[in-house]
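Participant: According to our numbering, the sequence shown holds residues 1 to 140 in order.
It cannot be assumed that every hint is accurate.
Below, in silico cross-link-like pairs of lysine-lysine (DSS-like), each with a Cα-Cα straight-line distance of 30 Å or less [unchecked claim]:
id, residue 1, residue 2
1, Lys101, Lys113
2, Lys101, Lys50
3, Lys50, Lys108
4, Lys50, Lys104
5, Lys50, Lys113
Just so you know, the hints here were simulated from the structure itself, not pulled from any lab data.
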Amino acid sequence: MIKSTNIHSSSILIPIAIIPIFSIGCTNKTENNRHDFARQLFERSAVLTKMYIDSLSNASDSTEIQRIALNFNNRITSLNYEFPPDTDLELNEEENDSLIKLNKMFTKMMHVKDSIISHPTVANDSVIINQPEAPNEKDH
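With the hints as constraints, model all of the structure from the sequences given.
Facilitator: Following this line, the structure appears as C-alpha cells:
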C-alpha cells in the first residue's frame, strides 16, 4: 500500500512541476505576439507618415496643408485603434526613435511649406458667388 501511495503522489507532482514550465513558454509567446503587433503598428505608422510627408511636399496652398494635416491626424488615430491598447508601449527603442524622427520630419515639412506660401488661405473655400438680385415686382 505504501508503494502505491508514493507512486500516486509522485505522478501528481510531475504534472504540477511541469505547469510553471508551460507558463513560462506561454508568457514568451504572449510577449512575442505583443511585439509582433507593435512591429506591425510601427511599420504601418512609418509608411503612413512617409506618405503624408510626400503629400505635404507637393502641397500647393495652405488649405491643402491643413487638409493633409487633418487627414493625417485622423488616419494615424484610426490606425492606432486597430491594435490592442498599449501596443505602442511594446515598441523597442529603435522603432520608437524612428517614429519620432518621422513625426518631426512631418511637422517640419508642414511648417516649411506653410512659411513658403506667401498668401495663407482659410481652411475652407471662402469665395461666395453673388448672383444679381431679381428685380422687385413692386419697383415696376
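Participant: Provide an ascending list of the numbers of those earlier hints which the structure does not satisfy.
Facilitator: Nothing - there is no hint that the structure violates, so all of them hold.
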